[in-house]
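Below, each chain spelled out in residue letters.
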Amino acid sequence: MHELYHKEILKHAKTPEFTSQLKTIDSSGYAINQFCGDEVRVNLSFRDGIINDIHIDSKGCSINIASSSLMAVEIKDLDPNKGTLLIDTYKSLMNSKIPDHQPKRILGSLAVMESVKEFPIRIKCALLCTQAFEDAVSGLHI
Amino acid sequence: MSKVFDVNKIRQDFPILDRTINGNNLAYLDNASSSQKPRDVIQCLVDYYENYNSNVHRGVHTLSMEATDLYESARGKVSNFLGATDPNTVVWTRGATEAINLVAFSWGFKNIGAGDAIVVSQMEHHSNLVTWQLVATRQKAELRVVPLTENQTLDMESLADSIDEKVKLVSICHASNSVGSINPVKEIARKAHEVGAKILIDGAQSVPHMPVNVIDLDCDFLAFSGHKMLAPMGIGVLYAKQEILESMEPFMRGGDMVLEVWNDKATWNSIPNKFEAGTPNVADAIGLGAAIDYLTEIGMDNIRAHEIELTDYALQKFNQFEELDVYGPTDTSIRGGILPFHSEYVHPHDIGTILDQEGIAIRTGHHCTMPLMRSLGISATARASFYIYNTFDEIDRLVDAIEHTLRYFSTGKK
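Protein chains in written order, with this note's numbering: chain A, 1 to 142; chain B, 1001 to 1414.
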């Protein structure tokens, strides 16, 4: 069980980051898992083309909440293109098809979610946040 | 006369219960979702495919006649099991969902119109809610949802207020898949009939677990699924009163449901074939017959008594968990063997994953009752549900595993 619930995952599940409301929301995305009802909202604020602040509102299991929190940690201060590259890399990692040109190290703390791969039924919980992020940046024409 | 209830002997009839999951003996507590299958039912399918497989009806060769006999014999078993007076009132469907849809399309669209009302409850499975949303929307009828009391039983005062002369149908579950409450459907049928309305009983969670007699209940429609009562997946039943079935239009068109066909028109076969277009699910219908033989031999009264004992035991054990909210009535005379629980501190999916590591299978999520979850102020529960092969020992293992889970999430230690 420790393999799934890595201490960093438990920490972010109990006290997720980026839970404060934003003063200005420049872009917002949402995702829901129709099977379990878990949901994630990602609100983004930009300055000079950079994601300078994030609000995450995730409801559901520890894997969903922790992955959303860790994603926010890693996409802050990136521009949307780099954020998208990071998310694509994360999805590739979780789907076991990470190509050579996407070095895993760019994932930073988010790489800890790899432990979830041992529990395939929970991978969708770890990827719900990526759908919300993609929804948020889909209208930015990046 | 049924045999003495011996759970250890019953368990020997279920091969899957010998499995280990993650190094532990399987404790299968997800029966409200689907039951396991006894050797009799599995063997019945093998026997059918090895010795009788053929298309039914109209065949003049031996196999077709034998397959037809087995298939129609299974219909008779269902009819007897429900206390119905005529096997032709038993329509095969894929499951309870299809049975409810059949009623909606073949009866609902003809008999429910603008200004009429349909009554359901807050504890309905999506299959018995979304279907009536469609009918209500398309027919410009009103959908009335009866609320629940604080222990998730049906609010009978609200129900009485909801059933007036505008109501054409009351469609309600006999037992809730999500909170376990057993509804007084006989009384509800009487109230519906007083205003000239029909009643559909969703028996998916009652027919497998307790005696259900359609004549005693005086229900107009009863829907249930085979796979929750030891039978294969993909077979279910709609029972309906004969005169209602005869007044209804077919659900689907195709072979076997017609009497005569011309280029521009067709006439319909008699009931129940009128509602069974295309090649039916012969093997699984026969499998449901075998499951009914098995259940009947054990005795539905004995099964209900066993589940009450298990549920009483589990409810008492769960009292130790101050961190858990347990839903549904505590009086097991009005509760099925369903135990939904929720912790503010550990999400149901996390509970489900940790229990799985200990070989315990439960279900987590909204259980296809999202409006009910919303009314409880939660998005999901963890749900243990019991059947004939479950034991007190398995409940002890469940309780121990929940205790481990709560400790793990509060301290990070196993």
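Where hints are given, some of them may not hold.
As the list claims (entries may be wrong) - To give a feel for the contact side, a few chain A residues facing chain B, derived at Cβ under 10 Å: (1) Y5; (2) L10; (3) E17; (4) Y30; (5) C36; (6) G37; (7) D38; (8) K59; (9) C61; (10) N64; (11) I65; (12) I106; (13) G108; (14) F119; (15) C125.
Treat the hints as calculated values from the structure; they're not laboratory data.
Quick reminder that beta carbons are idealized off the backbone N, C-alpha and C, glycines included.
Right, here's what the structure says about each hint:
1. Given the 10 Å rule on beta carbons, the hint for Y5(A) holds: about 7 Å separates it from the nearest Cβ of chain B.
2. Checking L10(A) against chain B: minimum C-beta separation of about 6 Å stays under 10 Å; hint holds.
3. With 10 Å as the threshold, the beta carbon of E17(A) stays out of range of chain B, its nearest partner Cβ sitting at about 18 Å, so the hint is violated.
4. A least Cβ separation of about 15 Å between Y30(A) and chain B goes past the 10 Å threshold, and the interface hint is therefore violated.
5. A cut of 10 Å between beta carbons decides the hint on C36(A): the least distance to chain B is about 5 Å, and the hint holds.
6. Using the Cβ-Cβ criterion of 10 Å, the hint placing G37(A) at the interface with chain B is satisfied: the shortest such distance is roughly 4 Å.
7. The closest approach between the C-beta of D38(A) and any C-beta of chain B is roughly 7 Å, which is under the 10 Å cut-off, so the hint is satisfied.
8. Of the supplied interface hints, the one on K59(A) holds, with its beta-carbon coming within about 6 Å of a beta-carbon of chain B, less than 10 Å.
9. Interface hint at C61(A): satisfied, since its Cβ lies 4 Å from the closest Cβ of chain B, which is below the 10 Å cut-off.
10. Evaluation of the N64(A) hint against chain B yields a held restraint, the C-beta minimum of about 8 Å falling below 10 Å.
11. Taken as an interface hint, I65(A) checks out: its beta carbon lies about 8 Å from the nearest beta carbon of chain B, inside 10 Å.
12. With a least beta-carbon distance of about 28 Å to chain B, the hint placing I106(A) at the interface is violated under the 10 Å criterion.
13. The closest approach between the C-beta of G108(A) and any C-beta of chain B is roughly 23 Å, which is over the 10 Å cut-off, so the hint fails.
14. Because the smallest distance between the Cβ of F119(A) and any Cβ of chain B comes to about 6 Å, under 10 Å, the interface hint for this residue holds.
15. Annotation: interface hint on C125(A) holds; nearest CB of chain B at approximately 7 Å, less than 10 Å.
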